[in-house]
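A.B. asks: Heads up: the protein sequence lines correspond to chains A, B and C, in order. Going by my numbering, the first residue of the first sequence is number 1, and it counts up by one from there. Going by my numbering, the first residue of the second sequence is number 1, and it counts up by one from there. Going by my numbering, the first residue of the third sequence is number 1, and it counts up by one from there.
It cannot be assumed that every hint is accurate.
Unchecked claim - Once the Cα atoms are required to be at most 30 Å apart in a straight line, the calculated DSSO-like pairs of lysine-lysine come out as: (1) B:Lys94 x B:Lys140; (2) B:Lys94 x B:Lys126; (3) C:Lys189 x C:Lys163; (4) B:Lys111 x A:Lys173; (5) B:Lys94 x B:Lys63; (6) B:Lys17 x B:Lys63; (7) A:Lys173 x B:Lys153; (8) A:Lys298 x B:Lys17; (9) A:Lys298 x B:Lys126; (10) A:Lys7 x B:Lys126; (11) A:Lys298 x B:Lys147; (12) A:Lys173 x A:Lys227; (13) B:Lys126 x B:Lys80; (14) B:Lys63 x B:Lys174; (15) C:Lys81 x A:Lys235; (16) A:Lys173 x B:Lys94; (17) B:Lys17 x A:Lys173; (18) A:Lys298 x B:Lys153.
To be verified - Pairwise CB distance ranges, derived in the manner of DEER restraints: (19) A:Ser266 x C:Ala52: 30 to 40 Å; (20) C:Arg171 x B:Asn21: 37 to 47 Å; (21) A:Arg275 x C:Ala52: 52 to 62 Å; (22) B:Ser12 x C:Leu155: 36 to 46 Å; (23) C:Arg171 x B:Val16: 44 to 54 Å.
The hints are simulated quantities; they were obtained by calculation from the structure and are not laboratory data. Using N, Cα and C, we set each Cβ at its ideal position, and we do this for glycine too.
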Amino acid sequence: MKILTKKNIYTLVLVLLIYFLVLLLSNVGIIDSYIQLNMVIVGINIILAVSLNLITGFTGQFSLGHAAFMAIGAYASGIMTAKLGQPFIVGVAVAALSASLAGLLIGIPTLRLRGDYLAIATLGFGEIIKIIGLNNDYVGGAIGLNDIPRYTNWTWLYFSVIATIFIISNFVKSYHGRACISIREDEIAAEAMGVNTTYYKILAFVIGAFFAGIAGALYANYFYFIKPDTFGFMKSIDILVIVVFGGMGSITGSIVGAVILSVISSFLQGFPELRMVIYAVILFLIMVYRPQGVMGDKEFKLFNKEGGLSGNVSSK
Amino acid sequence: MEMLVVNNLYKSFGGVKAVSNINMKIEEGQIVGLIGPNGAGKTTFFNLLTGIYSPSSGDIVYKLNQEISSINFRPSRMVKYGVARTFQNIRLFKEMTVLENVLIGYHNNFKYNLFTSLFRLPGYYKHEDEAYDEVVELLKTFNLYDKKDVLAKNLPYGEQRKVEIARALASKPKLLLLDEPAAGMNPQETRELTELIQWIREEFDLTVILIEHDMSLVMDLCDDIIVFNYGTLLARGTPEEIQNNPEVIKAYLGGE
Amino acid sequence: MEHFIQQIVNGISLGSIYALMALGYTMVYGIIKLINFAHGEIYMVGAYIGYALTTFFNFGFFPALILSMILTSLLGVVIEKVAYKPMRNSTRIAALITAIAVSMFLQYGMMYFVTPQTRSYPNILPDIQVSLFGTNAVVDIRNIYILTVTIVLMLLLQYVIHKTKTGKAMRAVALDGDASQLMGIDMNKTISYTFAIGSALAGAAGVLVGIYYNTINPLMGAVPGLKAFIAAVIGGIGVIPGAVFGGFFLGVTETVVSALGGSLYKDAVAFAILILVLLIKPNGIFGSNQREKV
Numbered sequence: 001m002k003i004l005t006k007k008n009i010y011t012l013v014l015v016l017l018i019y020f021l022v023l024l025l026s027n028v029g030i031i032d033s034y035i036q037l038n039m040v041i042v043g044i045n046i047i048l049a050v051s052l053n054l055i056t057g058f059t060g061q062f063s064l065g066h067a068a069f070m071a072i073g074a075y076a077s078g079i080m081t082a083k084l085g086q087p088f089i090v091g092v093a094v095a096a097l098s099a100s101l102a103g104l105l106i107g108i109p110t111l112r113l114r115g116d117y118l119a120i121a122t123l124g125f126g127e128i129i130k131i132i133g134l135n136n137d138y139v140g141g142a143i144g145l146n147d148i149p150r151y152t153n154w155t156w157l158y159f160s161v162i163a164t165i166f167i168i169s170n171f172v173k174s175y176h177g178r179a180c181i182s183i184r185e186d187e188i189a190a191e192a193m194g195v196n197t198t199y200y201k202i203l204a205f206v207i208g209a210f211f212a213g214i215a216g217a218l219y220a221n222y223f224y225f226i227k228p229d230t231f232g233f234m235k236s237i238d239i240l241v242i243v244v245f246g247g248m249g250s251i252t253g254s255i256v257g258a259v260i261l262s263v264i265s266s267f268l269q270g271f272p273e274l275r276m277v278i279y280a281v282i283l284f285l286i287m288v289y290r291p292q293g294v295m296g297d298k299e300f301k302l303f304n305k306e307g308g309l310s311g312n313v314s315s316k
Numbered sequence: 001m002e003m004l005v006v007n008n009l010y011k012s013f014g015g016v017k018a019v020s021n022i023n024m025k026i027e028e029g030q031i032v033g034l035i036g037p038n039g040a041g042k043t044t045f046f047n048l049l050t051g052i053y054s055p056s057s058g059d060i061v062y063k064l065n066q067e068i069s070s071i072n073f074r075p076s077r078m079v080k081y082g083v084a085r086t087f088q089n090i091r092l093f094k095e096m097t098v099l100e101n102v103l104i105g106y107h108n109n110f111k112y113n114l115f116t117s118l119f120r121l122p123g124y125y126k127h128e129d130e131a132y133d134e135v136v137e138l139l140k141t142f143n144l145y146d147k148k149d150v151l152a153k154n155l156p157y158g159e160q161r162k163v164e165i166a167r168a169l170a171s172k173p174k175l176l177l178l179d180e181p182a183a184g185m186n187p188q189e190t191r192e193l194t195e196l197i198q199w200i201r202e203e204f205d206l207t208v209i210l211i212e213h214d215m216s217l218v219m220d221l222c223d224d225i226i227v228f229n230y231g232t233l234l235a236r237g238t239p240e241e242i243q244n245n246p247e248v249i250k251a252y253l254g255g256e
Numbered sequence: 001m002e003h004f005i006q007q008i009v010n011g012i013s014l015g016s017i018y019a020l021m022a023l024g025y026t027m028v029y030g031i032i033k034l035i036n037f038a039h040g041e042i043y044m045v046g047a048y049i050g051y052a053l054t055t056f057f058n059f060g061f062f063p064a065l066i067l068s069m070i071l072t073s074l075l076g077v078v079i080e081k082v083a084y085k086p087m088r089n090s091t092r093i094a095a096l097i098t099a100i101a102v103s104m105f106l107q108y109g110m111m112y113f114v115t116p117q118t119r120s121y122p123n124i125l126p127d128i129q130v131s132l133f134g135t136n137a138v139v140d141i142r143n144i145y146i147l148t149v150t151i152v153l154m155l156l157l158q159y160v161i162h163k164t165k166t167g168k169a170m171r172a173v174a175l176d177g178d179a180s181q182l183m184g185i186d187m188n189k190t191i192s193y194t195f196a197i198g199s200a201l202a203g204a205a206g207v208l209v210g211i212y213y214n215t216i217n218p219l220m221g222a223v224p225g226l227k228a229f230i231a232a233v234i235g236g237i238g239v240i241p242g243a244v245f246g247g248f249f250l251g252v253t254e255t256v257v258s259a260l261g262g263s264l265y266k267d268a269v270a271f272a273i274l275i276l277v278l279l280i281k282p283n284g285i286f287g288s289n290q291r292e293k294v
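Same shape as in the complex, but just chain A (with noise of 0.2 Å):
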């Protein structure tokens, strides 16, 4: 194993050469700004929906409360750049830090309840940070929070997504990674084995607020407002129906997920009053159809080992 392998290159020049592709067709004006609003919005997605397969799909902790962590980096990174004035690097690092110091202060307490009781108190978690934020009057309450300069462009995006997904595909496939599969799969035999459980569930918790932080700050810094409403319970559901449907598990599964969700969503504002309907059989027919998501836990390869195109799908 080496870095510099033909495959690691190839995939270096794939993802420069999107971004350069997509920076030219933004430029020329042939991606327009409804093209890019639904690209931030993918984008944005992905990032959560990787950083919550962390914790729910790959370390198997059941967490209804993902969108509380992108809310806090909504708002860190709101009053950094539009209250204090900070670019938006500054932004974007305190949303992160925030995030994921929220994260261990959860983490902490409640990863001693397992299954069930994890999602519910994860849920009331999520909905006491939006019960605070509507009644904080310096983020402006249910009003929310005005006149966030826009920073979020391509380049943000598109690095931001490009590094959650590198961290945690290397974080899953390092040691620390395997030991919170290993939780998922028998906690009681991966502690026998030493693998400190509860260090490596807050940590996962840790990792995955981290990056639901930077989404939330990306999430700030486009749309110029932000409301506590907007990352209430069902945000965290949106999150977690991505990461289902996409596959609990495989990355790749849930770039897919949010992919194809965010379309289904964005087809559905043709109809307005049955949207949710709409939206509810689709959710109920996937979950009886393909339970096991679109890409199971496997991921989707671009390249093989020695550098070619293979285009498969692979276990590991």
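Chain A is fixed; fit chains B and C onto it per the hints.
C.D. replies: Then chains B and C, alone, in the frame of chain A:
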């Protein structure tokens, strides 16, 4: 030299005594068999030895990598102290491959830090390669190399037991606790397992304590046999002594 | 002091609503280990049925209550058959998302048919108020109706669960589904009964809340649904007296917190209590501790 000392060990669950008044010393390098009828407290004793339960009273002291007493036991620390175990009801990581299962056993021997893993720095490749080589070596001795990429849940029962032993060994223990390693194996597999345990004891310089119902395996393999009955230590001795002990015969065959 | 007594009276009424809903949650969870997120929506549908019966068909209180309970129990059974039964062998997370999908379907389906606007219940109960111990604290006739109906329904439930064959089957399936099937209990039928009874209680809660607060809307079930679930968890999920205790406890706590000036934070307090209870007694106040066998 003794490496395990148990003093007046008691464990009760809601008033029911599962293990009571156990005293014993285990010498380094031995293979010790732990036998007794169902419900005699053997697995509870293992759970006490590995920190899954804490004693109601009394204590357990290991003199392995360091001297450590049961007040400080935590399941996840036992591997660091040099104690590894398998489970009666096979607890493999079902959706992980054989190789990954054994790599979890190797967990505490990894040396690269979190930062290296997040950014995949050169240390990652070095240590992962090292671990891979060691684990593959281990799998080969267990005849499992061909199955290294098979998901654990897809293995036959006998091989699952072997993977569990390999996973425990990957943690490089001084003391290996095997909970019914031959359960569900056919006679041929059991014979192979007997040889394997003998071989790993020599090769890895181990002390082994095993719970087993298969008497031929116990008698062939163990230097020393401990018999539990109703949570207490009924008898202890060499295989011949135990085979001829009237108390033991009574406990197994029933009667007055 | 008067103010305090008044809040306790209000809290008991709110607590009755939570307790009735919490019973359904706890029964369903006990039997199929599913957090039935659609339970709050059944309550909402119950409220609308009661509204329609009293407004358009001039039903009195009790006929409206009973018919609404019957219709919501049917709805509960249909939901179980159509949506949850196919998910019985799938992962918990998939089942949970299905429950959320059902909940969204009912919310927005209802919104499509009756429009999102808030509607007000007609006054079908006589306007009587009794002052309490000669103070200014008053007990409205509605408080009395709510508490009485709740108590009667709970006694009925106790009777069904402990004295009838169906109730015995429900308890058996909750303890060990496979074993009870081997003993000849019809699992499907028992689950249907559980949904029917739980949903009927939610429907009753819906009618009572309509009468008590006067206003209903299609999204009214979401927050009380969560609160009722919290109540069930606080009491120990799967434990019937626990759900009743949790419901009243939460109702009273909430009104007292509001009275002390924390009305903006009353929802947060509910969740904070939940997290606290889970940390101290992970299986709820009346739940028994279970440990995985190694």
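A.B. asks: Which numbered conditions among the earlier hints are violated in the structure presented, ordered from lowest to highest?
C.D. replies: Numbers 5, 8, 12, 17, 21 and 23 - these are the hints that the structure violates, sorted from lowest upward.
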